[in-house]
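S.K.: Taken in sequence, the protein lines are chains A and B. Just so we're on the same page, my numbering is the position in the first sequence counted from 1, plus 4. Residue 227 in my numbering sits at position 239 of the second sequence, and the numbers go up by one each step.
In short, the hints are calculated from the structure, not lab data. None of these values were measured; they are calculated from a predicted model. Built from N, CA and C at the ideal position, the CB exists for glycine as well. A few of these clues could be false.
Stated by the list, open to error - Computed list of lysine to aspartate or glutamate pairs in EDC-like fashion (alpha-carbon distance at most 20 Å, straight line):
| hint | chain 1 | residue 1 | chain 2 | residue 2 |
| --- | --- | --- | --- | --- |
| 1 | A | Lys133 | A | Asp94 |
| 2 | B | Lys267 | A | Glu243 |
| 3 | A | Lys254 | A | Glu243 |
| 4 | A | Lys214 | A | Asp26 |
| 5 | B | Lys267 | A | Asp212 |
| 6 | A | Lys214 | A | Glu114 |
| 7 | B | Lys267 | A | Glu64 |
| 8 | A | Lys74 | A | Asp94 |
| 9 | B | Lys267 | A | Glu291 |
| 10 | A | Lys156 | A | Glu30 |
| 11 | A | Lys214 | A | Asp94 |
| 12 | A | Lys133 | B | Glu262 |
| 13 | B | Lys221 | B | Asp235 |
| 14 | B | Lys81 | A | Glu30 |
| 15 | A | Lys254 | A | Glu234 |
| 16 | A | Lys156 | A | Asp205 |
| 17 | A | Lys74 | B | Asp85 |
| 18 | A | Lys211 | A | Asp26 |
| 19 | B | Lys81 | B | Asp265 |
| 20 | A | Lys74 | B | Asp235 |
| 21 | B | Lys267 | B | Glu84 |
| 22 | B | Lys267 | A | Glu292 |
| 23 | A | Lys184 | A | Asp168 |
| 24 | B | Lys267 | A | Asp165 |
| 25 | A | Lys211 | A | Glu292 |
| 26 | A | Lys32 | A | Glu9 |
| 27 | A | Lys156 | A | Glu33 |
| 28 | A | Lys32 | A | Asp61 |
| 29 | A | Lys156 | A | Asp212 |
| 30 | A | Lys211 | A | Glu33 |
To be verified - Here are the simulated distance ranges between beta carbons:
| hint | chain 1 | residue 1 | chain 2 | residue 2 | range |
| --- | --- | --- | --- | --- | --- |
| 31 | A | Ser71 | B | Thr255 | 37 to 45 Å |
| 32 | A | Gln154 | B | Thr207 | 55 to 63 Å |
| 33 | A | Gly44 | B | Trp122 | 20 to 28 Å |
| 34 | B | Phe4 | A | Ser71 | 24 to 32 Å |
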Amino acid sequence: MALLEVRHLTKRWPTGRLALDDVGFEVKEGEILGLLGHNGAGKSTIMGITLGMVRPDIGEVRIGGRSVQKDRGGALQQIGAIYEAAVFYDYLSGWQNLRALCSLSGWWDEAEVKRVVQMVNLTRAIQQKTATYSHGMRQRLALAQALLPQPKILLLDEPTDGLDPEGIREFRELILHLRKHHGLTIMLNSHLLGEVEQMCDRCVILKDGKKVFEGPVPSQEKSRRMFQLETSDIGLAREVLGRAGATMDKLGIVEVPLNLEPHELVAAMVHGKVPVTAWQPYRRTLEELYMGLSSKA
Amino acid sequence: MILFFQQWYSELLKLFARRRTYIGFGAFVALQVIIFLLIKKFGLPTQRLIAGAGENVDYYLSALTVASFVVGVSVFLLGALFLSLVAGDIVAKEGEDGHMRMLLARPISRFRLLLLKYLTCTGYAVFLIQFLAWSAFLLGLVLRGWGGGYFAVVPEISVIAFYDWTPGLQRYLLSSLFLGVSMTAISSIAFFLSCFRIKPAAATIGALTYVLVDFIMRTSGFMDSYQHLLITKHMSTWGRILAETIDWPLVWRGYAVVLAVNISLFTIGYAVFESRDLKS
């Protein structure tokens, strides 16, 4: 079931630049979806529209069946978000910041807040002014506020931006923990391919405001079986594999059709006297997918 | 309703937890002390008026008379500036800093959020003027002691009145409350400008400029036939509270205009803010 539906979003800025061009996708319950794209591709605009801060020219976003554009308050009850930079009132403590933000949701439960603060590992610093926080602590406080009060969906807009490698890993583990143990549905906006590859089940790739890909993150692909073939006679290999019903690209990546088993292809190649020097399982990376789409466009 | 007050409390906390807010209060007290020292050295400029009216100068040169003069001067010199600063910041600065995006990622409507902020900055106006009135009164007590009369003068609306201590104190406190309400008009102008996509300083300067130009036009004489169009004319209604016989219909009429201007500025400001896309 789709918890978040993005439908035909089109947005043109007053300057005339087209930010989004008929973009649509869904985020299913319990899924982590990555939004990928270059700077200015439209990722943050989608986040902004999802939070009702940016108005689309056409289209709508529905959260749990409620339209953000028609019933923003109701739709946003189910969402927690880090949108663009996490900014806090530096002259207030972390706790006071959380209290001020939660009051806008009409909610406050001290025990639950303490639990979340502990989960993001801020218990010792929560009474300190946020002016004293490091960037990593601010990001963790931002995550804490997004988790209060118990959202069904988390929207994370480049959450690891500016974090050091340890901070990124810590943040990633926390997000995966939240999905595993709290069943959270997450939409993650990032331009860090490795981050998306390690955290997301599916991804949507945007280029110049258009959706150019929607599907499983390559490392998560289970249905596609691919092998890398090394041979001194590519032409013959392509001919034999083609007769068997498989395809091979110019890099020697062979996609095995669902009606065939890999060993049948190997047998066909042996039978066809293809000089095979190597045949090994191949897993496409997100970077290859992303760069391929970029170069196509 | 309880939720609304909880949310308002959070807004007030944000305002009053800032060191800058107290720098404002401190600046006012410093200015008041300077004015008091000048009065102590050179006397009160209105002393001649008291003598001219054939009244006992020593009796009417009381803590209330001195405080009243000090409040008038300090509000004229710094009041508009500080109220414009606070109200000019309240939306524009939060938008510029990114706080607004954090706040509006919550299920709260823009109308409600702006209403909370508007009530905070107008509430601050009333509070600040009350603070000034009380601090000036306390400094007046230090200078002149308890008791005496109260010589109230508001030249711009031709109010001159003499009171004994108790009725004088009542009029002083009541007029300070009305002065606070008058000053919400300045907060409203700055708040209105703050709702546009502009720098906070631009909202502050814009509001100050408007009030100053309005004041100059009112006092320069060539707008005599159009005084009803000038906001400072209606803001000066607070002075009528000091008249021996309060012309209440005139007072309510003046405040009805101030209220109408405030509501209009809030509504237009909200409409502007509502139509904005909030994205860096």
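S.K.: Under the constraints set out in the numbered hints, which ones does this structure not fulfil?
M.R.: Hints 2, 6, 8, 9, 11, 12, 14, 17, 20, 22, 23, 28, 29, 30, 31, 33, 34 not satisfied by this model.
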